[in-house]
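All residue numbers for the sequence shown refer to full-length UniProt numbering, where the first residue is 1 and numbers rise by one.
If you're looking for bench data, these hints aren't it; they were derived computationally from the structure.
Incorrect hints may appear among the rest.
Cβ-Cβ distance ranges computed for the label pairs, FRET-style [said to hold, decoys possible]:
no.	residue 1	residue 2	range
1	K523	S374	41 to 51 Å
2	S161	N519	31 to 41 Å
3	H655	G633	20 to 30 Å
4	P496	V357	46 to 56 Å
5	K666	H551	17 to 27 Å
Where a beta carbon is used, it is the ideal one built from N, C-alpha and C, also for glycine.
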Amino acid sequence: LDESEPQRQWERQEMLVKKLQNTFPGLDKEELRDVLQEHNWVFHEALEALRVFAEDDEGMEFPPKSEASDWTEASVNSRSDESKEKLKQKSSGKEQNGFRKKDKGKKSIWSTKRETEDSEDESASEDGGSSLDEDYSSGDEVMEDGYKAKILSFLQDASPSELTLIPQCSQKKAQKIIALRPFNSWEALFTKMTKTTGLSEDIVWNCKILLKERDVVLKLMNKCEDISNKLTKQVTRITEDGGCGWNIEQPSILNQSLELKPYQKIGLNWLALLHKHGLNGILADEMGLGKTIQAIAFLAYLYQEGNRGPHLIVVPASTLDNWIREVHLWCPELNVLFYYGSQEDRKHLRVDISNKVVDFNVIVTTYNCAISSSDDRGLFRRLKLNYAIFDEGHMLKNMSSVRYQHLMTINAKNRLLLTGTPVQNNLLELMSLLNFVMPHMFSSSTSEIRRMFSSKTKSAEEQSIYEKERIAHAKQIIKPFILRRVKDEVLKQLPPKKDLIELCAMSEKQEQLYCDLLNKLKKTINSNEKNSDMGNVMMQLRKMANHPLLHRQYYTTDKLRTMSMLMLKEPTHCDANPDLIFEDMTVMTDFELHLLCKQYSHVSDFKLDMDQILDSGKFRALERILSDLKEKGDRVVLFSQFTMMLDILEVFLKHWQHRYIRLDGKTQISDRIHLIDQFNTDMGIFVFLLSTKAGGLGINLTSANVVILHDIDCNPYNDKQAEDRCHRVGQTREVKVIKLISKGTIEETMLKISQQKLKLEQDMTAADSGEEGTIPADIATLLKASLGL
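With the hints as constraints, model all of the structure from the sequences given.
Following this line, the structure appears as structure tokens:
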């Protein structure tokens, strides 16, 4: 009895989900299940919650109150023999519809969860073109002749890496399969599989699963291709008709004192065309071409056409204020709601939205606020949105990430992705983007796609023939759904950008410390270690190449012992344990210890001299470069990856009396726009100090004409985003981009890799791929070679 109770509870819950789905056929089944869970499976409460977000639906029918009341009792604890019997029959049917029946002792290939997903998505599977188990028998094994030939061919010709894609096929099993070749007949294949230790007929049947999944993807892509072909001619007419083929002019509700550029009008017409066909799009113009403005113009066009929203704009925290300001500047008629703040603030906003006490056309929020809690996710699942616009939406390029899955549950009729990063040669990313533009085609097959293509990015040499063919196919399909223009094509009047590499010889002391560190690391590294260890080695060497104070070299163990005892004389540390003080000091860098000595008088004698702080090869080069730029009247944006490096740079700038302001990840959102305005209006500020991540997105700094990258990023696209803060629409002077590279260090290897990756237009650190602290295998190989490992 106890064992059957969970089954009965599940059946009762499914009854409630089905009842809600009958009332709200437009909502996804999983979304309805989430709503019921949030209301403890009390039907009438879930129903009322959904009513709030669906009252404006034309033709939406609601069950009468009496019916709702009856169903209140049919909650988790209710019993309905008739419904239970139907569900049992349905469940029984699923069990009969498995891959094949085996002896009871054998484990079923399909998990219960998979069976449930397949049965729930029957209609969606039809749309997708195939159901993986549609032709499997319920009794003895069945293998169609067509698949016999496919399986024979695959097992005969597949590479080891392709064989490991078969469910439950390890590298060891793959090698055994290769050793058994050739397979001259179906019978010979079965005989070899069943009589070889470590292999079994399961390999054959699991191979069919893989091939069926590939067929699902191929049929999906063929359907997508049909849609793509129909759209291509119209898109070509808009985007290639000499820049004058548009028929939608600038919306009249846009600020009349501002005018869209010709290429931005083309972008508006392209968005309008996709909207007409009910398709989603990806605006991928190069950074600095005004994707924000084109998106706002499109919302203004929708407003004029009678589509007043609500729309959602999801942005990185660093660009939140800029988006709100641009909307107010370009289209003040749009009513904008700012969904941001503490959990308590957002709770009040959710109540106001639910009770319709706030009026808005557009909600602007951050990625974190949109999906950080179940309450936030619940709001955007239930709120009926017309458009969801995702700015800098790199996380939407990997459907295997949790963030992607959360964002795709946002209940919007249409989606628009804004990104300055080109499409990469990565099949999972391309399939993720296809799923983004045509989700109805993929609704039943995302699990298969994730499973097939969730491996890390491979180089072109490592990709199988199947992967290469699908990449080419996917790129062709997605072409009309992506609009990408680069500055050289559309901004003939934009001043040129000059890239300069400044090779900086390290100071004598720095070079000695770098060599000592390199030799120490070489001794501790085994060439077969994981890439995560290489990532740590890389970081340690990068820090030393930038500045010795990012390590602990000057403050020896003996000095720290003395300092820890002197700290006991401080009123704040008189009762402290000197051993614990010493322990804390051992993990601090030289610069952190220097700041500690400045803070406490009893250890002030141990603070570093200015000569030690300025002792780096890059600082010597920077002193000369900044002096020349200041004389010419240039203004500088200075980037670094490391916030502690920014701390040291502040000391450097103060010493040489260069006026500056600073923005990094710790800067409050409300202060960022003020700092940007201050720099753009106060010409007396010579340098804007920025961290690459916080200052590299969505910030306009065209009042500066020189970008200095104190240290380059592993991902060259992050550096490109930083460069484009200055080289963008509105710039009137030639832009110089100066990269400081420490000569003879790991940075030269990083630069070489970055240049190769930019040439291939292939992102070396794909968003949301891999675990924290890991680096791609191809980078690890090059690093080992450069280090002599």
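Hint-by-hint comparison with the structure:
1. K523 to S374: 41 to 51 Å: holds (49 Å)
2. S161 to N519: 31 to 41 Å: holds (37 Å)
3. H655 to G633: 20 to 30 Å: holds (22 Å)
4. P496 to V357: 46 to 56 Å: holds (53 Å)
5. K666 to H551: 17 to 27 Å: holds (23 Å)
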